[in-house]
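Trainee: Chain by chain, the residues:
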Amino acid sequence: MNIFIQEFKISVVSALYWTAAMTLFILFFMLMYPPIAAQAQVMENLLNNFPLEIRRALGITTMNLSELLGFYGFIFIYVLLIGSVYAMKAGLSGLSEEIRSGSVDFLLAKPVSRLAVATAKTSSLLTNILIQNLLFLTAAFFIVGAYQDSSFDKSVFLQVNLSLIQSQLFFAALGAFTAVIAHKIKSPLPIALAIVFIFYILQMLNDALGDGKLLYISPFAYFSTPRIIEQGIIEWHFVLLNLLISTILISLSFCLYQRKDLPA
Amino acid sequence: MAVIEVNHLSKYYGRTRGIVDVSFQVEEGEIYGFIGPNGAGKSTTIRALLGLIYPSGGNARIFGQDCIEKGPIIRRDIGYLPSEVFYYDNMKVIDLLKYSASFYPSSDYQRIYELSEMLDLDLKRKIEDLSYGNRKKVGIVQGLLHSPRLIILDEPTGGLDPLMQQKFFQLIKSENQHGASVLFSSHILTEVQKLCSRVAIIKEGIIIGIEDMRTLGRTSYKRFVIELAEVVDENYFDLPGTANLKYEDGSFTFLFQGEINQIVDRIHKHQIKNLIVEEPSLEEVFLHYYEPEGEQ
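Order-wise, the sequence lines are chains C and U.
Heads up: the first sequence begins at 1 in the numbering used here, then just goes up one per residue.
Heads up: the second sequence begins at 1 in the numbering used here, then just goes up one per residue.
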């Protein structure tokens with residue numbers, strides 16, 4: 001428990017900063033909703049001049065920007081990206097922190113098993129993500145709810161937002177796995193940015209091609225915001241698939257962490 | 001009973017050698033020296049004992065239990081001071097020490113204050129603001145605050161001033177008198193000489209000798225410094241039993257083991273300007289061990 005508390009203490013502030021960034025992002029762009037909605041026709045005409053592939057890649061084929069939820073969904077994609085970068089960065093940091101800072105000989109020479117260390121660190125990470133999602137969801141609900149004249153479907157709103165935690169789970173697990181197989185990670189953030197954007201580009205490619213073959217490669221495709229808004233429901237097979245992949249990645253990183261030679 | 005038993009322990013990093021077939025035993029209540037030049041494998045051996053790296057061959061037992069399988073249990077009774085002391089930079093010294101104490105059932109929080117006062121360590125400062133020497137002090141306190149049965153010190157005195165080193169040695173001696181066994185790794189012989197009863201010498205990953213400190217102290221080597229008035233061949237004193245022969249500015253320096261009369265025979269034929277015969281320092285005796293093969 002002491003490791004969990006310590007890990008949580010040193011990481012929660014960063015989690016809150018990222019949450020604030022996500023919230024401010026939503027707040028700022030939602031302020032633009034009334035003028036854009038008023039001129040949605042002009043905007044859509046403009047966007048319709050883009051080739052279909054580009055519109056698909058940007059996720060604006062099926063979105064109705066004049067509707068509150070349609071607009072929210074459009075900007076939410078970027079929150080998903082910010083949140084995923086955070087999760088990947090935090091996942092990468094956790095199990096590589098001691099190796100990076102040289103404190104391996106402190107923590108791992110204590111009377112604790114590697115499994116206990118990995119469990120405490122992962123629990124702290126998941127707690128941070130959970131707190132982040134609760135805070136963001138609450139803030140987003142009030143921001144979107146501020147436009148009282150236009151009602152919105154709260155169930156769809158919730159499902160759009162739930163894709164955040166699921167995508168974060170995937171990237172946190174991938175981050176933990178990468179941290180364990182890498183010898184030493186000097187700075188997690190650039191790696192996190194690169195990997196998340198690769199997955200995002202895969203998703204854009206997948207949308208642009210529209211043939212569904214790449215659908216299973218990127219978690220961004222599992223929780224495609226336009227699809228959720230259009231269909232009004234999360235596709236359960238993607239939720240389960242994501243859960244399965246994340247569990248496998250985390251289990252693998254636990255196993256490998258236990259057998260890893262920890263450099264001084 | 002042996003506190004530490006290292007049996008044919010090897011560690012390779014890919015093809016790179018870490019340590020090869022290392023074996024030694026540390027008895028209960030003993031201060032055991034572990035000496036060798038930088039990169040000889042001292043830290044590798046110690047880190048394998050602590051379960052931080054996995055051996056490629058052989059095994060090690062502490063308190064009679066396997067280091068890897070029973071690692072977490074064994075480590076309750078070990079205090080470890082690593083050679084490189086890095087911690088979580090943002091923490092205050094006191095918070096780090098309390099965190100460290102929280103891992104041991106036998107921790108005495110009062111001891112944090114006692115030890116810090118003895119070592120002149122400011123508990124309120126942030127770790128990142130500390131000098132190397134002060135970080136070492138944090139290392140010493142976190143290694144001793146739970147009164148461990150076995151203390152493992154890896155190059156402990158780096159960064160400590162002489163006065164602090166002395167205090168530290170006293171501290172280790174007093175822990176030893178209270179029953180703690182100590183494994184003391186160093187590349188500085190004089191400090192090992194001060195504390196240890198036995199010493200294992202490691203070079204290029206291989207244990208090349210295990211010696212009792214008293215026998216080493218009473219080695220039959222004598223150190224000669226001879227300055228002759230006449231010019232003689234620089235190999236003049238190269239006899240069987242001579243070691244580390246040096247000739248500089250008309251002065252010979254060497255270690256000699258054997259019949260002293262052989263040397264007397266050689267010098268009485270000449271005019272002597274200067275003659276010193278003395279006990280060699282351990283440093284010089286060990287020099288053999290340190291020198292690469294073929295140069296001895």
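Just to be clear, a hint being listed does not mean it is correct.
Incomplete in silico selection of chain U near chain C, CB under 8 Å [as the list claims (entries may be wrong)]:
#1 L52
#2 F63
#3 I68
#4 P72
#5 R75
#6 P82
#7 E84
#8 Y88
#9 K92
#10 I94
#11 Y99
#12 Y104
#13 S107
#14 Q110
#15 Y113
#16 Y221
In silico contact screen, one side only, chain C against chain U (beta carbon under 10 Å); selected entries [as the list claims (entries may be wrong)]:
#17 L24
#18 S101
#19 S103
#20 R114
#21 D261
Derived from the structure by calculation, the hints contain no laboratory data.
From the three backbone atoms N, C-alpha and C, an ideal C-beta is built for every residue, glycine too.
Trainee: Evaluate each hint against the coordinates.
Mentor: Okay, the hints, checked on the actual structure:
no. : hint : verdict
1   : L52  : holds, 5 Å
2   : F63  : violated, 12 Å
3   : I68  : violated, 10 Å
4   : P72  : holds, 5 Å
5   : R75  : holds, 4 Å
6   : P82  : holds, 4 Å
7   : E84  : holds, 6 Å
8   : Y88  : holds, 6 Å
9   : K92  : violated, 12 Å
10  : I94  : violated, 14 Å
11  : Y99  : holds, 6 Å
12  : Y104 : holds, 7 Å
13  : S107 : violated, 11 Å
14  : Q110 : violated, 19 Å
15  : Y113 : violated, 20 Å
16  : Y221 : violated, 36 Å
17  : L24  : violated, 25 Å
18  : S101 : holds, 6 Å
19  : S103 : holds, 5 Å
20  : R114 : holds, 8 Å
21  : D261 : holds, 4 Å
The structure fails to meet hints 2, 3, 9, 10, 13, 14, 15, 16 and 17 from the earlier list, while all remaining hints are met.
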